[in-house]
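Chain H is already provided as a structure; the job is to place chain E on it using the hints.
Number of protein chains: 2
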Amino acid sequence: MPYTNLNDAIARLDEIEATASAYGHAMGVLSLDAATAAPLGSAEGRGKTMAVLSSVIYELAASDDTRELTKYLSDHADELDPVHRRQAEIRKKDCEQLTRIPQEEYVAYNVLLNKAEGIWRVAKQNNDFAAFAPTLSEIVAFNRKFAGYYDAEKEPYDALLNEYEEGLTMQTLDAFFARLRGVIVPLVHAISEKEQPDTAFLEQSYPIEGQKKLAKYLMEVIGLDPNACTIAESEHPFTCGFNNKDVRITTHYYENHPTFSIFSTIHEGGHALYELGVEDAYNGTCLTGGASMGIHESQSRFYENIIGRSLEFIELIFPKMQEIFPEQLAGVTAYDLYRAVNKAQPSLVRTESDELTYALHIMIRYEIEKQLIAGTLEVADVPAEWNRLYKEYLGVDVPSDTQGCLQDSHWSGGSIGYFPSYALGSAYGAQMKHVMESELGPIAPCIARGEIGTITAWLREHIHRFGNFKKPAAIFEDACGKFDPDYFANYLQEKYSKLYEL
Amino acid sequence: MPYTNLNDAIARLDEIEATASAYGHAMGVLSLDAATAAPLGSAEGRGKTMAVLSSVIYELAASDDTRELTKYLSDHADELDPVHRRQAEIRKKDCEQLTRIPQEEYVAYNVLLNKAEGIWRVAKQNNDFAAFAPTLSEIVAFNRKFAGYYDAEKEPYDALLNEYEEGLTMQTLDAFFARLRGVIVPLVHAISEKEQPDTAFLEQSYPIEGQKKLAKYLMEVIGLDPNACTIAESEHPFTCGFNNKDVRITTHYYENHPTFSIFSTIHEGGHALYELGVEDAYNGTCLTGGASMGIHESQSRFYENIIGRSLEFIELIFPKMQEIFPEQLAGVTAYDLYRAVNKAQPSLVRTESDELTYALHIMIRYEIEKQLIAGTLEVADVPAEWNRLYKEYLGVDVPSDTQGCLQDSHWSGGSIGYFPSYALGSAYGAQMKHVMESELGPIAPCIARGEIGTITAWLREHIHRFGNFKKPAAIFEDACGKFDPDYFANYLQEKYSKLYEL
Numbered sequence: 028m029p030y031t032n033l034n035d036a037i038a039r040l041d042e043i044e045a046t047a048s049a050y051g052h053a054m055g056v057l058s059l060d061a062a063t064a065a066p067l068g069s070a071e072g073r074g075k076t077m078a079v080l081s082s083v084i085y086e087l088a089a090s091d092d093t094r095e096l097t098k099y100l101s102d103h104a105d106e107l108d109p110v111h112r113r114q115a116e117i118r119k120k121d122c123e124q125l126t127r128i129p130q131e132e133y134v135a136y137n138v139l140l141n142k143a144e145g146i147w148r149v150a151k152q153n154n155d156f157a158a159f160a161p162t163l164s165e166i167v168a169f170n171r172k173f174a175g176y177y178d179a180e181k182e183p184y185d186a187l188l189n190e191y192e193e194g195l196t197m198q199t200l201d202a203f204f205a206r207l208r209g210v211i212v213p214l215v216h217a218i219s220e221k222e223q224p225d226t227a228f229l230e231q232s233y234p235i236e237g238q239k240k241l242a243k244y245l246m247e248v249i250g251l252d253p254n255a256c257t258i259a260e261s262e263h264p265f266t267c268g269f270n271n272k273d274v275r276i277t278t279h280y281y282e283n284h285p286t287f288s289i290f291s292t293i294h295e296g297g298h299a300l301y302e303l304g305v306e307d308a309y310n311g312t313c314l315t316g317g318a319s320m321g322i323h324e325s326q327s328r329f330y331e332n333i334i335g336r337s338l339e340f341i342e343l344i345f346p347k348m349q350e351i352f353p354e355q356l357a358g359v360t361a362y363d364l365y366r367a368v369n370k371a372q373p374s375l376v377r378t379e380s381d382e383l384t385y386a387l388h389i390m391i392r393y394e395i396e397k398q399l400i401a402g403t404l405e406v407a408d409v410p411a412e413w414n415r416l417y418k419e420y421l422g423v424d425v426p427s428d429t430q431g432c433l434q435d436s437h438w439s440g441g442s443i444g445y446f447p448s449y450a451l452g453s454a455y456g457a458q459m460k461h462v463m464e465s466e467l468g469p470i471a472p473c474i475a476r477g478e479i480g481t482i483t484a485w486l487r488e489h490i491h492r493f494g495n496f497k498k499p500a501a502i503f504e505d506a507c508g509k510f511d512p513d514y515f516a517n518y519l520q521e522k523y524s525k526l527y528e529l
Numbered sequence: 028m029p030y031t032n033l034n035d036a037i038a039r040l041d042e043i044e045a046t047a048s049a050y051g052h053a054m055g056v057l058s059l060d061a062a063t064a065a066p067l068g069s070a071e072g073r074g075k076t077m078a079v080l081s082s083v084i085y086e087l088a089a090s091d092d093t094r095e096l097t098k099y100l101s102d103h104a105d106e107l108d109p110v111h112r113r114q115a116e117i118r119k120k121d122c123e124q125l126t127r128i129p130q131e132e133y134v135a136y137n138v139l140l141n142k143a144e145g146i147w148r149v150a151k152q153n154n155d156f157a158a159f160a161p162t163l164s165e166i167v168a169f170n171r172k173f174a175g176y177y178d179a180e181k182e183p184y185d186a187l188l189n190e191y192e193e194g195l196t197m198q199t200l201d202a203f204f205a206r207l208r209g210v211i212v213p214l215v216h217a218i219s220e221k222e223q224p225d226t227a228f229l230e231q232s233y234p235i236e237g238q239k240k241l242a243k244y245l246m247e248v249i250g251l252d253p254n255a256c257t258i259a260e261s262e263h264p265f266t267c268g269f270n271n272k273d274v275r276i277t278t279h280y281y282e283n284h285p286t287f288s289i290f291s292t293i294h295e296g297g298h299a300l301y302e303l304g305v306e307d308a309y310n311g312t313c314l315t316g317g318a319s320m321g322i323h324e325s326q327s328r329f330y331e332n333i334i335g336r337s338l339e340f341i342e343l344i345f346p347k348m349q350e351i352f353p354e355q356l357a358g359v360t361a362y363d364l365y366r367a368v369n370k371a372q373p374s375l376v377r378t379e380s381d382e383l384t385y386a387l388h389i390m391i392r393y394e395i396e397k398q399l400i401a402g403t404l405e406v407a408d409v410p411a412e413w414n415r416l417y418k419e420y421l422g423v424d425v426p427s428d429t430q431g432c433l434q435d436s437h438w439s440g441g442s443i444g445y446f447p448s449y450a451l452g453s454a455y456g457a458q459m460k461h462v463m464e465s466e467l468g469p470i471a472p473c474i475a476r477g478e479i480g481t482i483t484a485w486l487r488e489h490i491h492r493f494g495n496f497k498k499p500a501a502i503f504e505d506a507c508g509k510f511d512p513d514y515f516a517n518y519l520q521e522k523y524s525k526l527y528e529l
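Line by line, the protein sequences are chains H and E.
Following this note's numbering, the numbering of the first sequence begins with 28 at its first residue and continues without gaps.
Following this note's numbering, the numbering of the second sequence begins with 28 at its first residue and continues without gaps.
One chain only, chain H, in its complex shape:
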């Protein structure tokens, strides 16, 4: 129906927001269940359910009514309060974008993704890339097609990047990554000539029950309210938020690799703190949750690295670790642990890599995604290209696809163009630290006293509370000024020079 009255239009917008939130919540819980609790055989039934729900979501977002409504609201933007104005803006953009994707393709893609998670999981377990390749080919084909729907003017991969971080382009990233390589490669080289810290004590058996206890403790230390955030287990750690009172994180426990669950818990905890810090008023609307993947990763990596891998944080949690693992940590000092968890060394698996070499992993995935979407690399050739780039960038030989191109769940989830935001997030975080310290003074003493809440309060005030109300670039610039990768470069330079006495 044509809209003629502003109050009616706003009421309809509120209704769409509430309904879309409800379906998003249901879909989110189905996905969460799939990754944490469901039996493998559940995929078919869940696929049918998600097809029904996603078709309703599609209808709602892309209907003629929504098109007319958002057009009307856009024409009357000046008369709207800022919250409804932003909601209408986001809905309008979504509607325009979605209506470029035919509904059958949208539904088929969601059905595909639902199956893909299980197929990838089994393929990874069995080191069987061929079993995943046909699914990945379909996902790539959908993404290439969708990129055209998103923005036919842009290079397809730029259109995908833009989905995760508005305005991000290959041109920006090529320059950003070149700048980072210029800092990281010499550092890695210099470090390779120094003695490495002992990490053998982290390769003993750390019973999973103890790791679970430690994860709960870490959630408490960083200030996650257990009435608002719980933890579960999944193959690949992730965060899944439904509103600012209900956010879930997951981790994976490896008996001989306790730092994986420690740092993934803190990382996902950072995502969770972000979503829990969004204004109450945005619950049940498209303004809750985060502004972009880049901002999201800036928070997760801030907690994981800037806080979690600092000497002060390690000193803070070390007594508890010794209490839980007295035998494993006998004769180990907090400083030993600090050096061990900051060991910088080229490795195979992104999520287990150190803060310094991490960005190199991102660059490799970025290079491969660029080629897949440009059509210059076949899916069948991904393992070979992956292994070649690991040799070139990191100097390591990849012994299996399980530890190679099958390591991450992102592609099976359809997230192509997502990875660069990880590196961007790290760089955002370093600049936030700089600004925060210029206001609060050094944060190291806060961490030492266990006052993570002071840091979170700053982030909440300047970043978290806005949710999706402001555009990511505006949130960042209002808080930190113009983005400058030098802060991150300097942070890495300073931290690793000190750690390795370069």
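FYI, nobody ran anything at the bench for these hints, they're computed from the structure.
Hints are all accurate, no fakes.
The list cannot tell twin chains apart, which means a pair is met if one copy fits it or any two copies do.
Derived DSS-like pairs: lysine-lysine, alpha-carbon spacing no greater than 30 Å straight-line:
{"#": "1", "residue 1": "Lys498", "residue 2": "Lys75"}
{"#": "2", "residue 1": "Lys75", "residue 2": "Lys172"}
{"#": "3", "residue 1": "Lys98", "residue 2": "Lys75"}
{"#": "4", "residue 1": "Lys119", "residue 2": "Lys75"}
Showing chain E alone in chain H's frame:
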């Protein structure tokens, strides 16, 4: 629209079935999540989501279109294949029943139930009946009102009973329970004069990790496919099935009470085997899942008691138990364990009670529910009445509402009229055992050899596969003839006379 073409009508029925299944699945996963993984603060957001979804479910089930469709199909029942005929019959009954409940009340009730679980959980933890009482009053009020909508001709409690077991009445139950009391009370009396088995070894610390391992083993022993059924933890154990490839069970682990998780796992496993055994063709329709609560409980209690508490089963699993808990079970024999898990003694908590006194717990809840629904008992007086009846029926003093009227989640879930089906199920099961053995010979040797699959195959053939395709009474009578509580009475008499050498 008026229906004039049978094929169109069938196509619309198929569509309604698929859509209703999808929404049911989503609601089920939201509830499962609430009970197993969600933080407490999630209730409000989930309530809003469930309000949106349940309003769609209501629309779908109770719309004018569904009314016209099911009337048309009912008029053409002779021309339908048996599966569509039964689907149409169930949908017609639902539609008629639901349209008697005003939509606002239906939605408000679902919102209430969503909050109730959390309120009950906290009240139970804090032994604070007063905190749950207002919610329970609302639930009772809704049920009294709904009973009138279901069938205004019937006594309200009969109308509620009928929801869980078609045709069940207070008249039948009063007679059935009187018959049971006549067997159980003398047995309990005779046993009270005999020496009781030693159960002290079951009150030591059994670390929860070991109990979890044992639960997984038990699921394997009874034949649950891990690709179709997983286990989680919740306050109160339950089963939740989405289709015959995806059924979940939950349990609760108490460190000093390992038999709780053991027998609740087998009990819920029985429910799960039932739902997994339904015909593939019924997935995604209202014919999947079980036929009634009585038939469902007959299966859960068959696995829990007739199989699980048999000497042969205990002998079968005992080596694994000793392997997991070598210290706790040092010097204990399988026969000691068998006697311990069959110790018959009046107690406080239904789910921990023995097979003999169990029905007395049911009778107490039945008496209280009858009075609540008749309006002759106020919610505020439930604890006093509960405690009085426990003294009268079981001779025990109830020390706290946590172990008294707050022990079970059923009321918070709105299940009033459900409890009697537990006792009915036990009696059904004893008669099934009789018929099964007349065909297969004694089942004890099967159990001894670990061939639970032989028993499951019989149950699948005669009970499980029908799902909701036949009415519960027809399923039972086709398999076992007319229901006769004597089989259960004789089973109890024989088992306990032997156990206690009466």
